[in-house]
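Asker: Listed below are the residues making up each chain.
Protein chains: 2
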Amino acid sequence: MFKNILIVGCGLIGSSILRASINKKISKNFFVYEKSKKNIREIKKINKKIIILKKLDNKISDIDFVIIATPMSQYERVIPHLNKHLSEKSLITDVGSTKENISKLKNNSLSKSLDWIMSHPISGSEVSGPKYGSRSLFINKWCIVFSDKNKIKQKKLVNFWKKIGSKVIIMDEKVHDKIFSITSHLPHLIAYNLIKTAQDFQKIQKKDVIKFSAGGLRDFSRIAASNEIMWRDIFFNNKKNVINAINLFIKNLKSFKKNIENLDDKTLRKKLVNSKKVRQQILNLKQDIAKPDFGRDLN
Amino acid sequence: MFKNILIVGCGLIGSSILRASINKKISKNFFVYEKSKKNIREIKKINKKIIILKKLDNKISDIDFVIIATPMSQYERVIPHLNKHLSEKSLITDVGSTKENISKLKNNSLSKSLDWIMSHPISGSEVSGPKYGSRSLFINKWCIVFSDKNKIKQKKLVNFWKKIGSKVIIMDEKVHDKIFSITSHLPHLIAYNLIKTAQDFQKIQKKDVIKFSAGGLRDFSRIAASNEIMWRDIFFNNKKNVINAINLFIKNLKSFKKNIENLDDKTLRKKLVNSKKVRQQILNLKQDIAKPDFGRDLN
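Residue numbers (my numbering), protein chains in the order written: chain A, 1 to 299; chain B, 1001 to 1299.
These are computed hints drawn from the structure, not numbers from a lab.
Among the clues, some could well be false.
The calculated lysine to aspartate or glutamate pairs, modelled on EDC-like cross-linking and capped at a C-alpha distance of 16 Å, are [what the hints assert, rightly or not]:
1) B:Lys1276 <-> A:Glu126
2) A:Lys3 <-> A:Asp64
3) A:Lys207 <-> B:Glu1173
4) B:Lys1207 <-> A:Glu173
5) A:Lys240 <-> A:Glu100
6) A:Lys276 <-> B:Asp1200
7) A:Lys270 <-> B:Asp1200
8) A:Lys266 <-> B:Asp1064
9) A:Lys25 <-> A:Asp57
10) A:Lys251 <-> B:Asp1200
11) B:Lys1106 <-> B:Glu1088
12) A:Lys270 <-> B:Glu1228
13) B:Lys1277 <-> A:Glu126
14) A:Lys239 <-> B:Asp1264
15) B:Lys1240 <-> A:Asp208
16) A:Lys277 <-> B:Glu1261
17) A:Lys240 <-> B:Asp1264
18) A:Lys276 <-> B:Glu1228
19) B:Lys1266 <-> A:Glu228
20) A:Lys28 <-> A:Asp62
21) A:Lys151 <-> A:Glu126
22) B:Lys1286 <-> A:Asp208
23) A:Lys239 <-> B:Glu1261
24) B:Lys1277 <-> A:Asp208
25) B:Lys1240 <-> A:Asp264
26) B:Lys1239 <-> A:Asp265
27) A:Lys106 <-> A:Glu173
28) A:Lys156 <-> A:Asp64
29) B:Lys1276 <-> A:Asp200
For each label pair, taking beta carbons as the anchor points, the in silico distance ranges come out as [claimed, not checked]:
30) B:Glu1261 <-> A:Arg41: 37 to 47 Å
31) B:Asn1140 <-> A:Ile169: 34 to 44 Å
32) B:Asn1140 <-> A:Glu261: 29 to 39 Å
33) A:Lys163 <-> B:Ile1040: 45 to 55 Å
34) B:Lys1174 <-> A:Ile229: 33 to 43 Å
35) A:Arg269 <-> B:Lys1038: 13 to 23 Å
36) A:Arg269 <-> B:Ile1289: 26 to 36 Å
37) B:Leu1283 <-> A:Lys174: 38 to 48 Å
38) A:Lys206 <-> B:Glu1261: 31 to 41 Å
39) A:Glu261 <-> B:Gln1074: 15 to 25 Å
40) B:Asp1172 <-> A:Asn23: 56 to 66 Å
Keep in mind it's a predicted model, so treat the numbers as computed, not measured.
Note that beta-carbon positions come from the ideal geometry of N, C-alpha and C, so glycine has one too.
Take the sequences, apply the hints, and build the full model.
Answerer: Structure (structure tokens):
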């Protein structure tokens, strides 16, 4: 499919793309640009033919596929090097979690001779780093590819994601940033906020809450252990939509509070039953499995 | 340990106690009082020696251990039968999720000759019914037993829970209801509220959010599929503490919102990093395992 792939930033997602690409023989050569020495040690274990680059210089002029997988706040530092050294036959993509900002950035800073078509694979975990990467991370998961004028390269990008196992859907960045403010950004913020609230409660009440976290708090703590740089970038870059989502959430929570204050059985129960419908839709769409969760096996 | 155990209400928790008790030979005879015909069919499959009662009448006069495992809103209907038919040598417990209300109820309605010592096993799931019960549900999980004047019977109750695998801790009901408002009741309410917010968003924006729920929303939808009767009872019975928890949560969320609005990198990142400490405490206390979660295997 390609001659020379370059992965810029090789953490959980970058190294999973690397592993999947090697496994599916997506390219002849595999280049990685990564700064962290710890990460480099892990990456070297994956495969001997991986070429580690210390600089983004003229060694990248023959790269035909670049995947940017650094935190989003690093993208603007990467672009000047791509502008200087990449050829116009190359294809660039990224795996950032918000898209309006990246779209603006590439319109403003990327050389007009280069093609950057955005991607967003919907996969990940609360852990970070190449140690946790997996070649099967993308299998049966959605990958969103963003519409581009260059339909030949767009097709090439879609085929790449399909080849490593993704289900691909084409979307517009405005729609994307709205949808993910609700399905991903708000849930993560809520998890962080719940843990903060438990910490504050523990401080004020001097009661040991962590010890009894198995009743619900535990599941949120896992989500709230996600990478802080990644999530700061997401919250800041999707500020407008995230704030709208927070406002809608607070409005609904105040209404729940009123139902509880008034012991409004009918309204409260209707809301609680309604949630089950969403769960059923999620199961029908195979976004989760129906197997009940009793807490993971601690024995 | 006992001659005749009676389980009143034999759903997920009741049937798990039943299974564990049979397995550990806790009693000579096993009685179950259950109204749902569907549940009775499931319970009969567990073991042939289980005796199903259709009424709480003079057949229960020889029961020496009663476990009430109905929704809490049913307790007041059960008590008159216990008053009428149980003997003073018996021991009563319950598995309700809030305790100040149950403490009041038994002080007001239970015959003074009977002993009811409260329990709260910290285990469960989003599923309901005896079909999902398991004899190992309580193994290595906390069970809270509430202090009582009758220390002999209290010891007996503690030994019962230990025998079926629980780690037991003695607590006061006021402290319990405060702690669990934060570790369990608030997280469940937040999950319900997040799903409600996603539904509202989908209605307003006419965008398909459920399809892309793998990025965070999915995990909350599981929790929000929990039994609505059980959770209505909890929210109503622990109203004061739950409302305090909601208020603290909203205060913190508004502060997060301000940090995002102001792009306040330092404060936001400090909060995000702090959450990881709680996660580490939860892992150290063996309330969860460190294995990363990439979404459950959908293949």
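Asker: Now, for every hint given, state plainly whether the structure supports it.
Answerer: Against the structure, the hints come out as follows:
no.: 1; hint: B:Lys1276 <-> A:Glu126; result: holds (10 Å)
no.: 2; hint: A:Lys3 <-> A:Asp64; result: holds (7 Å)
no.: 3; hint: A:Lys207 <-> B:Glu1173; result: holds (13 Å)
no.: 4; hint: B:Lys1207 <-> A:Glu173; result: holds (13 Å)
no.: 5; hint: A:Lys240 <-> A:Glu100; result: holds (11 Å)
no.: 6; hint: A:Lys276 <-> B:Asp1200; result: holds (15 Å)
no.: 7; hint: A:Lys270 <-> B:Asp1200; result: holds (14 Å)
no.: 8; hint: A:Lys266 <-> B:Asp1064; result: violated (38 Å)
no.: 9; hint: A:Lys25 <-> A:Asp57; result: violated (25 Å)
no.: 10; hint: A:Lys251 <-> B:Asp1200; result: holds (11 Å)
no.: 11; hint: B:Lys1106 <-> B:Glu1088; result: holds (15 Å)
no.: 12; hint: A:Lys270 <-> B:Glu1228; result: holds (9 Å)
no.: 13; hint: B:Lys1277 <-> A:Glu126; result: holds (14 Å)
no.: 14; hint: A:Lys239 <-> B:Asp1264; result: holds (12 Å)
no.: 15; hint: B:Lys1240 <-> A:Asp208; result: violated (19 Å)
no.: 16; hint: A:Lys277 <-> B:Glu1261; result: violated (34 Å)
no.: 17; hint: A:Lys240 <-> B:Asp1264; result: holds (15 Å)
no.: 18; hint: A:Lys276 <-> B:Glu1228; result: holds (9 Å)
no.: 19; hint: B:Lys1266 <-> A:Glu228; result: holds (11 Å)
no.: 20; hint: A:Lys28 <-> A:Asp62; result: holds (12 Å)
no.: 21; hint: A:Lys151 <-> A:Glu126; result: violated (35 Å)
no.: 22; hint: B:Lys1286 <-> A:Asp208; result: holds (15 Å)
no.: 23; hint: A:Lys239 <-> B:Glu1261; result: holds (7 Å)
no.: 24; hint: B:Lys1277 <-> A:Asp208; result: holds (15 Å)
no.: 25; hint: B:Lys1240 <-> A:Asp264; result: holds (15 Å)
no.: 26; hint: B:Lys1239 <-> A:Asp265; result: holds (13 Å)
no.: 27; hint: A:Lys106 <-> A:Glu173; result: holds (13 Å)
no.: 28; hint: A:Lys156 <-> A:Asp64; result: holds (11 Å)
no.: 29; hint: B:Lys1276 <-> A:Asp200; result: holds (15 Å)
no.: 30; hint: B:Glu1261 <-> A:Arg41: 37 to 47 Å; result: holds (40 Å)
no.: 31; hint: B:Asn1140 <-> A:Ile169: 34 to 44 Å; result: holds (43 Å)
no.: 32; hint: B:Asn1140 <-> A:Glu261: 29 to 39 Å; result: holds (37 Å)
no.: 33; hint: A:Lys163 <-> B:Ile1040: 45 to 55 Å; result: holds (54 Å)
no.: 34; hint: B:Lys1174 <-> A:Ile229: 33 to 43 Å; result: holds (42 Å)
no.: 35; hint: A:Arg269 <-> B:Lys1038: 13 to 23 Å; result: holds (21 Å)
no.: 36; hint: A:Arg269 <-> B:Ile1289: 26 to 36 Å; result: holds (35 Å)
no.: 37; hint: B:Leu1283 <-> A:Lys174: 38 to 48 Å; result: holds (39 Å)
no.: 38; hint: A:Lys206 <-> B:Glu1261: 31 to 41 Å; result: holds (33 Å)
no.: 39; hint: A:Glu261 <-> B:Gln1074: 15 to 25 Å; result: holds (24 Å)
no.: 40; hint: B:Asp1172 <-> A:Asn23: 56 to 66 Å; result: holds (57 Å)
Hint compliance for this structure: hints 8, 9, 15, 16, 21 are broken, all remaining hints hold.
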